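Student: Sequence:
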Amino acid sequence: MIKQVGILGAGTMGFGIVFQFALNGTKTMLCDLSEEALDIAKGKFGIYLKIFREEGYNIPISVEEVMSNITFTTKLNDLADRDFIIESISENLALKQRIFQELDVICGEQTILASNTSSLRLSEITVNVEKHKDRVMLTHFFNPAHIVPLVELLRTEETDDKVFNEVKDFLEVNNKVTIEVKKEVAGLVANRIQIALAREALSLVEDGVVSEKDLDTAIFAGPGFRFSSSGLMKIMDFGGLDIWNITIRELQSKIESSDRSYKIIDDRIEAGAFGVKSGQGFYNYPGKGLDGYVIERDTDLIKHLLSTYPSLKKQKEEANK
289 MIKQVGILGA GTMGFGIVFQ FALNGTKTML CDLSEEALDI AKGKFGIYLK
339 IFREEGYNIP ISVEEVMSNI TFTTKLNDLA DRDFIIESIS ENLALKQRIF
389 QELDVICGEQ TILASNTSSL RLSEITVNVE KHKDRVMLTH FFNPAHIVPL
439 VELLRTEETD DKVFNEVKDF LEVNNKVTIE VKKEVAGLVA NRIQIALARE
489 ALSLVEDGVV SEKDLDTAIF AGPGFRFSSS GLMKIMDFGG LDIWNITIRE
539 LQSKIESSDR SYKIIDDRIE AGAFGVKSGQ GFYNYPGKGL DGYVIERDTD
589 LIKHLLSTYP SLKKQKEEAN K
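If you want the working numbering, it's the position in the sequence shown, counting the first as 1, plus 288.
Just so you know, not all the hints are guaranteed correct.
For lysine-lysine, the following DSS-like pairs were computed, each having C-alpha atoms within a straight-line distance of at most 25 Å [to be verified]: (1) K450 to K470; (2) K501 to K542; (3) K565 to K338; (4) K576 to K542; (5) K421 to K471; (6) K363 to K450; (7) K315 to K363; (8) K602 to K315; (9) K501 to K591; (10) K542 to K565; (11) K456 to K419; (12) K291 to K421; (13) K471 to K291; (14) K332 to K291; (15) K501 to K315; (16) K522 to K501; (17) K332 to K522; (18) K456 to K421; (19) K591 to K332; (20) K591 to K542; (21) K576 to K565; (22) K338 to K602; (23) K363 to K291; (24) K330 to K591; (25) K501 to K551; (26) K450 to K471; (27) K330 to K291; (28) K330 to K501; (29) K332 to K501; (30) K419 to K338; (31) K456 to K522; (32) K470 to K551.
Beta-carbon label-pair distances, calculated as ranges [stated by the list, open to error]: (33) V393 to D588: 40 to 46 Å; (34) Y581 to Q389: 26 to 32 Å; (35) S546 to G331: 32 to 38 Å; (36) S549 to K338: 38 to 44 Å; (37) K551 to E412: 31 to 37 Å; (38) E468 to D547: 26 to 32 Å; (39) Y597 to K419: 35 to 41 Å; (40) W532 to V393: 50 to 56 Å.
It should be emphasised that the hints constitute simulated quantities derived from the structure, not laboratory data. In this text, all values refer to a predicted model and were calculated from it rather than measured experimentally. Cβ coordinates follow ideal geometry from the N, Cα and C atoms, glycine included.
From just these sequences and the hints, can you work out the full model?
Tutor: Here it is in structure tokens:
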């Protein structure tokens, strides 16, 4: 049974995963070689606890109890007794391989080792793992990890079924929504869909079919509006598979499928317009700085989360109680 968790990497994803578990009462250790990275993460917990409470998220334990569930370390060896460790460091294959090899040596036999990657192959990351070969898997969270419900799960050929199911059950108890990726493919599932959407969207803008603003409106007020309450397969069912089949056959050869670069991105990168972090991308972001805009976005996402999953919302006390 998973009782104590270790998260390796105190960046954006690592912080979010720790926050999710601590919020639900799990003893969680955050490990990073950088004291500065740990200090930055520490500063975020109070901010997000306040936002979650203000928006009505049901936190069954006190702020003090949440914080008591979190410990911090710069020593990899401190993770040795954890039941479940999720690696969430930079996307560097050689570094991940070394980390997993070290964890394989120092951790007890009960420890489950997982990576949060979506761009690198799990089979390559764990190539040097021996002792825990049947206790490794992939758990891919989405940014922000403490708000977006989805976690994609992938096992290796050696992963024990009991281990896979234990992780799946544990994540779901911690209010995550899981899917199983049955084959090891680049990008897994959700990111492949997202990149396919981005390719077509960028092509429509660059080819002069639509403006950036109207493109976003088309997604937000059209397919995105439906996706917020239903998956694609159900949308197809309601539209009629016969109709969808005709539409797919008609449009499939006409939509963007080439491997191309996009001048509308390349030109912005060359000009230093990287998006929110530089104050300008497709849109302008004046005044608030990256952290301010991230908190604004995350507040909106929390509202959407509670609207989509009302069971997570704190219920109003019954009258006269």
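Student: Please verify whether K456 and K522 have alpha carbons no more than 25 Å apart.
Tutor: Answer holds: K456 to K522 is near 24 Å, not above 25 Å.
Student: Could one say that the CB atoms of Y597 and K419 fall in the range 35 to 41 Å?
Tutor: 38 Å, holds
Student: Taking only the CA atoms, is the gap from K332 to K291 under or equal to 25 Å?
Tutor: Roughly 24 Å separates the two Cα atoms, so the pair holds.
Student: Check the hint pairing K338 with K602 against an upper bound of 25 Å on the C-alpha distance.
Tutor: Measuring from Cα to Cα gives roughly 14 Å; hence the hint holds.
Student: Starting from the range 26 to 32 Å, see whether the pair E468 and D547 falls in it by beta-carbon distance.
Tutor: For D547 against E468, whose Cβ atoms are near 29 Å apart, the range 26 to 32 Å holds.
Student: When you check the alpha-carbon spacing of K501 and K542, does it fall within 25 Å?
Tutor: Holds, because 23 Å separates the two Cα atoms, which is no more than 25 Å.
Student: Does the alpha-carbon distance linking K450 and K470 stay inside the 25 Å limit?
Tutor: 16 Å, holds
Student: Between K591 and K332, is the straight-line Cα distance small enough, at 25 Å or below?
Tutor: Measuring from Cα to Cα gives roughly 19 Å; hence the hint holds.
Student: Would the pair K363 and K450 pass a check requiring their Cα atoms to be no farther apart than 25 Å?
Tutor: Violated, because 29 Å separates the two Cα atoms, which is more than 25 Å.
Student: K291 and K421 were given as a pair; does the straight-line alpha-carbon distance stay at or below 25 Å?
Tutor: Answer holds: K291 to K421 is near 21 Å, not above 25 Å.
Student: Taking 25 Å as the top limit, are the C-alpha atoms of K471 and K291 close enough?
Tutor: 29 Å, violated
Student: Within a Cα-Cα threshold of 25 Å, do K456 and K419 meet the stated pairing?
Tutor: With Cα atoms ~22 Å apart, K456 and K419 stay inside 25 Å; holds.
Of the numbered hints listed earlier, those contradicted by the structure are 4, 6, 10, 13, 15, 16, 17, 20, 28, 29, 30, 32, 34, 35.
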